[in-house]
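Asks: Residues per chain, in single letters:
6 protein chains.
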Amino acid sequence: MFAVEVSDHIMIAHSFRGAVFGPAQALHGATFVVSAAFMAESLDANGIVVDIGRAFDVLKTVLNPLNYRNLDEIPEFKDVNTTTEYLTKHVFEQLAGAVRDDRLGRNGREIAVIRVTVAESPSARAWYEAPVW
Amino acid sequence: MFAVEVSDHIMIAHSFRGAVFGPAQALHGATFVVSAAFMAESLDANGIVVDIGRAFDVLKTVLNPLNYRNLDEIPEFKDVNTTTEYLTKHVFEQLAGAVRDDRLGRNGREIAVIRVTVAESPSARAWYEAPVW
Amino acid sequence: MFAVEVSDHIMIAHSFRGAVFGPAQALHGATFVVSAAFMAESLDANGIVVDIGRAFDVLKTVLNPLNYRNLDEIPEFKDVNTTTEYLTKHVFEQLAGAVRDDRLGRNGREIAVIRVTVAESPSARAWYEAPVW
Amino acid sequence: MFAVEVSDHIMIAHSFRGAVFGPAQALHGATFVVSAAFMAESLDANGIVVDIGRAFDVLKTVLNPLNYRNLDEIPEFKDVNTTTEYLTKHVFEQLAGAVRDDRLGRNGREIAVIRVTVAESPSARAWYEAPVW
Amino acid sequence: MFAVEVSDHIMIAHSFRGAVFGPAQALHGATFVVSAAFMAESLDANGIVVDIGRAFDVLKTVLNPLNYRNLDEIPEFKDVNTTTEYLTKHVFEQLAGAVRDDRLGRNGREIAVIRVTVAESPSARAWYEAPVW
Amino acid sequence: MFAVEVSDHIMIAHSFRGAVFGPAQALHGATFVVSAAFMAESLDANGIVVDIGRAFDVLKTVLNPLNYRNLDEIPEFKDVNTTTEYLTKHVFEQLAGAVRDDRLGRNGREIAVIRVTVAESPSARAWYEAPVW
Chain A
1 MFAVEVSDHI MIAHSFRGAV FGPAQALHGA TFVVSAAFMA ESLDANGIVV DIGRAFDVLK
61 TVLNPLNYRN LDEIPEFKDV NTTTEYLTKH VFEQLAGAVR DDRLGRNGRE IAVIRVTVAE
121 SPSARAWYEA PVW
Chain B
1 MFAVEVSDHI MIAHSFRGAV FGPAQALHGA TFVVSAAFMA ESLDANGIVV DIGRAFDVLK
61 TVLNPLNYRN LDEIPEFKDV NTTTEYLTKH VFEQLAGAVR DDRLGRNGRE IAVIRVTVAE
121 SPSARAWYEA PVW
Chain C
1 MFAVEVSDHI MIAHSFRGAV FGPAQALHGA TFVVSAAFMA ESLDANGIVV DIGRAFDVLK
61 TVLNPLNYRN LDEIPEFKDV NTTTEYLTKH VFEQLAGAVR DDRLGRNGRE IAVIRVTVAE
121 SPSARAWYEA PVW
Chain D
1 MFAVEVSDHI MIAHSFRGAV FGPAQALHGA TFVVSAAFMA ESLDANGIVV DIGRAFDVLK
61 TVLNPLNYRN LDEIPEFKDV NTTTEYLTKH VFEQLAGAVR DDRLGRNGRE IAVIRVTVAE
121 SPSARAWYEA PVW
Chain E
1 MFAVEVSDHI MIAHSFRGAV FGPAQALHGA TFVVSAAFMA ESLDANGIVV DIGRAFDVLK
61 TVLNPLNYRN LDEIPEFKDV NTTTEYLTKH VFEQLAGAVR DDRLGRNGRE IAVIRVTVAE
121 SPSARAWYEA PVW
Chain F
1 MFAVEVSDHI MIAHSFRGAV FGPAQALHGA TFVVSAAFMA ESLDANGIVV DIGRAFDVLK
61 TVLNPLNYRN LDEIPEFKDV NTTTEYLTKH VFEQLAGAVR DDRLGRNGRE IAVIRVTVAE
121 SPSARAWYEA PVW
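Chain order of the listed sequences is A, B, C, D, E and F.
Under our numbering, think of the first position of the first sequence as 1, with each following residue one higher.
Under our numbering, think of the first position of the second sequence as 1, with each following residue one higher.
Under our numbering, think of the first position of the third sequence as 1, with each following residue one higher.
Under our numbering, think of the first position of the fourth sequence as 1, with each following residue one higher.
Under our numbering, think of the first position of the fifth sequence as 1, with each following residue one higher.
Under our numbering, think of the first position of the sixth sequence as 1, with each following residue one higher.
Bound conformation, chain A alone (with noise of 0.2 Å):
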């Protein structure tokens, strides 16, 4: 299986329900760098998984809506905790259609899965791994 990754990161505010979250209960914030890969079986014509140009844009386009922004405030995360694991699969939902719609400049049917790591911090970090199909 090939894989291409890339990165990126937004800044955000949130604050986490239940006790398990100890001070994080409270508003805080965090970096969080953004991986995502994306698996295919073959390279195609040109030599490539998908255009890492397009996979950069892609990915921009996903977290642009999260970035510089208190997650508390965004209607469609007004039920959950915005974790860190939450996150890598909301990002994956959102790769996801966008490979489905063949917006990586290749035929969605190709790419065969798709994994979102974020790193909160220098120790701590999680991913979500899943088919795209």
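It is worth saying that the hints were derived from the structure and are not from the lab.
Treat the hints loosely; a few may be bogus.
[What the hints assert, rightly or not] If you want the footprint, here are the derived chain A segments under chain C, 3+ residues with CB under 8 Å:
{"hint": "1", "stretch": "13–27"}
{"hint": "2", "stretch": "60–70"}
{"hint": "3", "stretch": "91–100"}
If you're wondering where the values come from, they're calculated on a predicted model, not measured in any experiment.
Glycine included, C-beta positions come from ideal geometry on N, C-alpha and C.
Using the hints provided, position chains B, C, D, E and F relative to the given structure of chain A.
Replies: This is chains B, C, D, E and F only, laid out in the frame that chain A set:
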């Protein structure tokens, strides 16, 4: 599959037996940066894989008996080479035990896989990944 | 000149006032990786600049009131923008105070300079360096 | 599954054919940080996946013909785009050959999988992972 | 002294003249990670050294004519070796010009020093630091 | 001022004497990532600070007697604590000697300053910087 990974480090001395190790047969040492990834098919009701605070605590508890030690003098390691690879599985076994005992703050049955990565230098690392059950 | 530097991190929310900040005028957040370097002309009798364990403790003590907080709500910061640059000096002042009070485990007079570096993302960071005395 | 991974780097020039590459159609270059992971179900009698010294040597031997070269001028690459993805598989094939020839200091049959990761910048990387046999 | 530092990267080809360069006399290439640090004695009324958004823009403007290029073909570099060291000063001169022309969003007279760091690989880097005025 | 910096690493065992070291009084070890920066006011006729290949070789020559060793058993270190700080100056002295003996491929008089940085873990490092002459 979701994963949450936390990292810590230890500073140990040890030596190896076997011509394959060359100069590393002498007593030397290492800073081991140890990362523990816990993987689950779904998030719990709080939106997490495991309580990250407990993950840090359990990892520290597992690493503590090794930190600032000469591994050659620890009875458990008397008959083995405490290679980077060997230690990945040693840490895995301890963490898997903690998961099975529900010490990560979640029903251990819901944690499917653990991967332990140990980096010994900027240019070399090892990992061990296996199902918990 | 000798230096010893230790690092820790905090996760905070804040907002900025001033058109220059563009989208960062909204409430957002950051993971700040904070490094504190203590510099001295000579090592002490133990062969160290300062006790590295105390350096970690003092840094954590300085960062603790900021961690998991919305900096906009801390009275001390009411009239300022808590920019990365601003925070470098805030941490410096606290650390310099600790050095002057001999809380680093060495006669504070022997510590000449402190540099505080705060990384806000993989592509941006700030620092403040000044004499302690 | 156990893995041991070693890293090295090369500095190359090349150009790409195809409108998808935009400005990268011009002759440019890259520092490629190449990591080779060897995976096995069990450790050998010494407690290792493979001799890490041999792993470094074999990786260097594979990379040496590419280092400080214009890849456009290497006959083997005449009809292909030497993309980051393409190179991951090129290195994989060479390493898999070394494993099959028992050049890693262990019965090659005991090495199950190789993954080659090539980082082209702090924000982009590719990998190829496949069974050796 | 306060400093703010931003980073970007370019991918270039070039060759060197002189026996000291050994195999690097051949056409090869590099990913250069370029960091620009702007230093000032005091923060401005907004609490910043310079507008970090402008710092990123100015750095990108300076790097753009070099990115995806064969430096051997750029007339300005015809008679020089475009070593990592040489490029640190080339970027410095461009950035210092931007500061002197008040293009960083602050009276250029208030920026005292610039340091440009260029990393060519995980194990080698160069920098140039000098007063702006 | 120009600088060129190269990095390598060693894996050593040692112990410390003095209550200030707490658990590090026991025999333990470290991976030390050692960076050597050579600084000069001007580039030479080739456009370099020093021959980077020689810089790597000289650094390796200096580190080699320490690598895979128990520093407690090296006569030169019999009466000292081989702290990270102490080792920065030890390496500095060896490198300064090499510069003064013109072993860096340039008239040693033209190298003004050396800085040696030793990272012992992701969260702690030390450096020593001084004029060569």
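Asks: All hints are to be evaluated individually against the structure, with a verdict given for each.
Replies: Verification of the hints:
1. With a threshold of 8 Å between beta carbons, the proposed coverage of the stretch 13–27 of chain A by chain C holds, since 6 of its residues qualify and at least three are required.
2. For the stretch 60–70 of chain A, the assignment as covered by chain C holds, since 4 residues bring a beta-carbon within under 8 Å of that chain's beta-carbons and 3 suffice.
3. Taking a C-beta to C-beta cut-off of 8 Å, the stretch 91–100 of chain A contributes 0 residues in contact with chain C, too few for the three needed, and the coverage statement is violated.
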